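The chain contents come next:
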Amino acid sequence: MEPMKNRIIFVGAVLALLWCCLVFRGVDLQLLPHEKLSGLKERIFETTVKINPRRGVIYDRKGQELALSIPSRSLFADPQTFEKPYYAAKKLSGLFNRPQKFFLKKLLNKKRRFVWIKRHLSPKEIKTIQSWKLKGLHFIQETKRFYTEGPSLSQVLGFTGIDGQGLEGIEKQYEEVLKGVEQRLIVKRDARGRPLFAAFTSFIHRMSGSDVYLTIDRDTQVYFERELSQAVKKSSARFALGVILSVETNEILAMVNVPNYNPNHPLTGNPIFRRNRTVTDIYEPGSTLKTFTLASALENGIPPSKSYSTHDGAFKLGERVIREADEKKRFDPFLNLSEILALSSNVGAAEVALDVGAGKLRKTLWNFGFGKKTGLEFPGDSRGILRPLPWRPIETATISFGHGIAATTLQIANAYSALARGGILKKPILVKKIQNSYTGEEKHFKTSVIQRAISENTAQLLILMLAGATEESSTGFRAVVPGHLTAGKTGTAQQVNFQKGGYKTGEYISSFAGFIPAHKPKFVIYIAINGAKDHFYASDLAAPVFSETASYAIRKAGLSPILFSENDFISFSSNKPEVSKPQRSPAAVGTMPDLKGLSLREVLKKVHGTEIKLKFYGSRRVIRTIPFAGQLLPEDKKVTVILN
Amino acid sequence: MKGYLKDDLRPFISILIVIIALFIAAFSKITLRRISYSLYKESEKFNRIQDNYYKSLTEYAGMNHIDRLERQARRHSLVKTKKGQIIQVIDGKAIVVD
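Keeping their order, the protein sequence lines are chains A and B. Read in order, the letters of the first sequence are residues 1 to 644 in my numbering. Read in order, the letters of the second sequence are residues 1001 to 1098 in my numbering.
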């Protein structure tokens, strides 16, 4: 009996030991950390869901979509499961118009499980491929960037690459903002690989990148582009550039480069036309720079009534000769500052610059932003060329009428914007706000002051002179918008020959810079038509474009015309009544002359040579003077002239 | 009699309780999984709606493009404004000054 009992105990003990081993193994597997098993668990029971963010939308200032991402499907193949590679390659070659070898190489690569066939298919292509019912060909959902305006604003918006990354323009500058953040979620999955979300998890939707709102007005942009395209065609020019700025906020309302390209197909067309030349390309501004030469003169105490000799159209400076742009034209022997600007005299401008001095002239140009970046947050913002001192007299003379200095379209427009604002230079802005599409949080952008370029008084006086530069018999006459006060300056500059040096014959940059309305500037418009061969004078080419564009902008802004009275209304059949000119009586010495009804230029001509110091309010024609006509002049000879 | 039944039923009841508990646990897990599938389905539906919305935006942008609007306006005999044109409405009558 004893040996039997011992055997039972022994077997029982062995069984108990085995059972304990099983229990310990169970505890080890279930409760203790185990790297290999965790990894296996993750592979079998878990999956990583990658949520690609939708790229943010780019809007214009009114919320019109300019660029957005739309769903698209791309085609890929799994070479390891592919059944008929030769047949498929033949079909794909016919559909996509590419050699069969190209597709065969991908489909026969058995080492890979994923090869791209084509990205972003059209609906027709998808339908055709689906009809083949080929095993191994699969579609994947992606997003594709779409530009709603086509070629319009293309250089500003830029474009994206095949993987949706920004490569140019706003797309590149605001890449981090637009692209959003990729989300990766590790979630449990079922036997078919579908992710299982916990009951308390909210919708997992694609987190978009932030939306960017530009300051651009889409309608004004399109209209401006149309006008410039017509001008390019008319003059057989190479390209044209234009910028419209809001004076108050210094927001860029339009930024035009023509010819342009279609960013929906960025690789077609000449790559030169893909960059935003209003910001990157520098050129000699020509006569539009005379405004700032005169600004320097006025700021440094030269009175507007001071006259300079025109030297009969040409004068020698060292070994070089300064001539008028149109050698056939002959001006009066002496011109005052207002006349130099209105008639665009190169000789007059050179004389003024030499009188002011190189140092003061350079300082004024620097204060207006020439020779430094505008501060616009955009790729390729150029600083232009403003030579350091010392300048030789010939350099001072040529710079005075816009040669020997280089600037971008935006720099010139920004300088005029500073003038229109009363002499305060501000940073231009292209982006109004950035909005987080998920949280709704907004980040607004406003312009900032860079510096005061000239005093308020000088600016006002210069604005009056520029208004005079658009009067009849001035070069800017065709820039006038009927019913509104217009101020601006034309420029016709020869094109620099970068290859051979010097200037190209027969090619010009026709430009116009101005603002409207002159008495309370709202818009600054600058136009430059480059490489113009026919009708290249700015008065014939650029000035009318300004007039059309300004007319549109003013009408869109709802600004009613101010330059009309009952005389300007016509009855249904009769003609406009003649406005009779006032009689002028000769003024006695020491008494206030009769200036009523005269234009600014006529006033300056009349008081030239007297000791009268003028202070102007308003523009166009004189309606009143203080003291009145015929009254004794005050001791300091200061008189106030009020124009309507 | 009562006591006899009680004694006999006890093991049966306890097993029943255990089985019911197991059913509840299984049912909860199935419900959770069903909710997860619904959530996934709704999520996919939402993404499709969002995609269609963006597609519609592109169509809308094409429809209200300035060129198209001008073409439509001309078709309805609306004339483009001229530069400097003033249109004044007096007593319901429009007076155009060119």
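The reader is advised that the hints may include incorrect statements.
[To be verified] The calculated DSS-like cross-link candidates involving lysine-lysine, where the alpha carbons are at most 27 Å apart (straight line), are:
#1 556/A to 1041/B
#2 233/A to 372/A
#3 1082/B to 522/A
#4 105/A to 133/A
#5 1082/B to 233/A
#6 432/A to 1083/B
Hints are computed from structural coordinates only; laboratory data are not their basis. Only a predicted model underlies this, so the values are computations on that prediction, with no experimental measurement involved.
Margin query: Would the hint linking residue 556/A and residue 1041/B be met if the CA-CA limit is 27 Å?
Written below: Roughly 48 Å between the alpha carbons, so the hint for residue 556/A and residue 1041/B is violated.
Notebook entry, point to check: When you check the alpha-carbon spacing of residue 1082/B and residue 522/A, does it fall within 27 Å?
Noted result: Holds, because 21 Å separates the two Cα atoms, which is no more than 27 Å.
Next item on the list: Take a quick look at whether residue 432/A and residue 1083/B sit within 27 Å of each other, Cα to Cα.
Entry: Since the Cα atoms of residue 432/A and residue 1083/B sit roughly 30 Å apart, the hinted pair is violated (cutoff 27 Å).
Check: Going straight from one Cα to the other, do residue 233/A and residue 372/A come out at no more than 27 Å?
Finding: violated, 33 Å
Margin query: Check the hint pairing residue 1082/B with residue 233/A against an upper bound of 27 Å on the C-alpha distance.
Written below: Roughly 21 Å between the alpha carbons, so the hint for residue 1082/B and residue 233/A holds.
Notebook entry, point to check: Can the restraint linking residue 105/A and residue 133/A be considered satisfied, given a maximum Cα separation of 27 Å?
Noted result: holds, 21 Å
Checked against the numbered hints given earlier, this structure breaks hints 1, 2 and 6; the rest are met.
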